[in-house]
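Those protein sequence lines, which keep their order, are chains D and C. Residue numbering for the first sequence follows this note's numbering, beginning at 1 and increasing consecutively. Residue numbering for the second sequence follows this note's numbering, beginning at 1 and increasing consecutively.
Fair warning: there could be bad hints in the mix.
[Claimed, not checked] Across the chosen pairs, the derived CB separations fall in these ranges:
1) C:N103 to D:A3: 32 to 42 Å
2) C:L117 to D:E59: 52 to 62 Å
3) C:P127 to D:R114: 48 to 58 Å
4) C:A49 to D:R114: 32 to 42 Å
5) C:L117 to D:P89: 37 to 47 Å
6) C:S62 to D:F44: 18 to 28 Å
7) C:P129 to D:F113: 51 to 61 Å
8) D:V70 to C:Q144: 58 to 68 Å
9) D:L68 to C:Q73: 16 to 26 Å
10) D:L68 to C:V91: 15 to 25 Å
11) D:P89 to C:L105: 16 to 26 Å
12) D:E11 to C:P127: 42 to 52 Å
Treat the hints as calculated values from the structure; they're not laboratory data. For every residue, glycine included, the Cβ atom is placed at its ideal position computed from N, Cα and C.
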Amino acid sequence: MSARVDIVVFEIGGLRYGADMTQVRRIDRLEPDASVGAPLGKPFEGRRALVFCPDGDRELHLAIDTVLAVQSVPPDDLRRLPPAVGPSPFIIGAWLDRDAAVLLVDLFATNPFRPTEAPNA
Amino acid sequence: MHPTPLQRALAEAPDKARAQAARPDEEFFVFKLGELTLAVTSGYVREVARLTPLTPLPRAPSFLLGVVGNRGQVMPVIDLLRFLQQGESKVVRGARIFVGDSNGLLVAFLTDAVVGLRRIFVADKLPPPAGGGSATEFLMGVVQHRELGTVSLLDLPKVLQSARATVVRR
Numbered sequence: 001m002s003a004r005v006d007i008v009v010f011e012i013g014g015l016r017y018g019a020d021m022t023q024v025r026r027i028d029r030l031e032p033d034a035s036v037g038a039p040l041g042k043p044f045e046g047r048r049a050l051v052f053c054p055d056g057d058r059e060l061h062l063a064i065d066t067v068l069a070v071q072s073v074p075p076d077d078l079r080r081l082p083p084a085v086g087p088s089p090f091i092i093g094a095w096l097d098r099d100a101a102v103l104l105v106d107l108f109a110t111n112p113f114r115p116t117e118a119p120n121a
Numbered sequence: 001m002h003p004t005p006l007q008r009a010l011a012e013a014p015d016k017a018r019a020q021a022a023r024p025d026e027e028f029f030v031f032k033l034g035e036l037t038l039a040v041t042s043g044y045v046r047e048v049a050r051l052t053p054l055t056p057l058p059r060a061p062s063f064l065l066g067v068v069g070n071r072g073q074v075m076p077v078i079d080l081l082r083f084l085q086q087g088e089s090k091v092v093r094g095a096r097i098f099v100g101d102s103n104g105l106l107v108a109f110l111t112d113a114v115v116g117l118r119r120i121f122v123a124d125k126l127p128p129p130a131g132g133g134s135a136t137e138f139l140m141g142v143v144q145h146r147e148l149g150t151v152s153l154l155d156l157p158k159v160l161q162s163a164r165a166t167v168v169r170r
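Based on the provided sequences and hints, a complete structural model is requested.
Structure (structure tokens):
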């Protein structure tokens with residue numbers, strides 16, 4: 001049996017999202033200078049932030065309304081997004097919480113400062 | 001002994017109604033959406049279900065309302081009114097959806113009401129009205145149905161193909 005995955009479940013603008021717990025360094029007050037913007041839509045308040053560190057030094061903030069829980073999820077409840085939903089750089093799948101699909105976010109992929117891939121020589 | 005008129009008639013009787021044999025028909029799944037009565041070939045409809053909690057997708061086109069969990073699968077939900085540029089549906093919890101299946105692509109479509117299955121004579125199909133806007137591109141035709149009035153026959157594989165292409169392009 002595969003190990004469960006710890007997911008931070010949070011809310012932005014009334015919608016639930018999940019992110020891999022291992023990507024979250026801490027939950028803190030939002031520092032606007034470090035904000036990645038609103039890739040998941042605008043939060044109602046957005047005073048709190050998930051703080052993550054995609055490249056080892058610079059901390060980035062994703063503004064959220066609230067953290068709801070840290071949920072230990074069995075892999076059987078995880079799903080890739082169907083092809084008709086289209087590719088998304090940061091929505092990587094969904095957690096089926098009974099009938100509700102909670103979108104799973106790759107926090108590192110929300111980094112607007114990511115270097116773009118160099119074209120092949 | 002000579003056969004009676006009834007026995008002669010029975011010997012020549014057809015196996016099924018001549019009118020039916022001469023008028024091939026197709027089965028359609030019929031539903032209502034806004035002012036429209038729409039129908040899709042029943043073979044493309046996997047099931048009818050109730051709308052479960054809808055999760056909107058960030059940065060999705062407006063016709064892609066979000067995703068739902070359905071029988072352990074994550075499934076996109078499309079508003080055909082928006083897709084066909086005919087207005088927009090009201091999303092009501094518990095509304096009826098039908099799951100369309102074309103080439104393994106499963107998509108749920110919002111409806112206002114499900115009418116059910118109806119057989120439509122192939123000969124009764126009329127071409128889509130000219131000047132009907134972009135929606136006609138996705139119609140196989142229309143029929144004047146005695147019970148339902150004007151029914152627009154939707155080309156579901158074309159809808160799915162186009163919706164997917166639009167989503168992927170973004």
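Comparing the hints with the structure gives:
| no. | hint | result |
| --- | --- | --- |
| 1 | C:N103 to D:A3: 32 to 42 Å | 35 Å, holds |
| 2 | C:L117 to D:E59: 52 to 62 Å | 58 Å, holds |
| 3 | C:P127 to D:R114: 48 to 58 Å | 51 Å, holds |
| 4 | C:A49 to D:R114: 32 to 42 Å | 39 Å, holds |
| 5 | C:L117 to D:P89: 37 to 47 Å | 42 Å, holds |
| 6 | C:S62 to D:F44: 18 to 28 Å | 22 Å, holds |
| 7 | C:P129 to D:F113: 51 to 61 Å | 52 Å, holds |
| 8 | D:V70 to C:Q144: 58 to 68 Å | 59 Å, holds |
| 9 | D:L68 to C:Q73: 16 to 26 Å | 24 Å, holds |
| 10 | D:L68 to C:V91: 15 to 25 Å | 23 Å, holds |
| 11 | D:P89 to C:L105: 16 to 26 Å | 22 Å, holds |
| 12 | D:E11 to C:P127: 42 to 52 Å | 50 Å, holds |
Violated hints: none; the structure is consistent with every hint.
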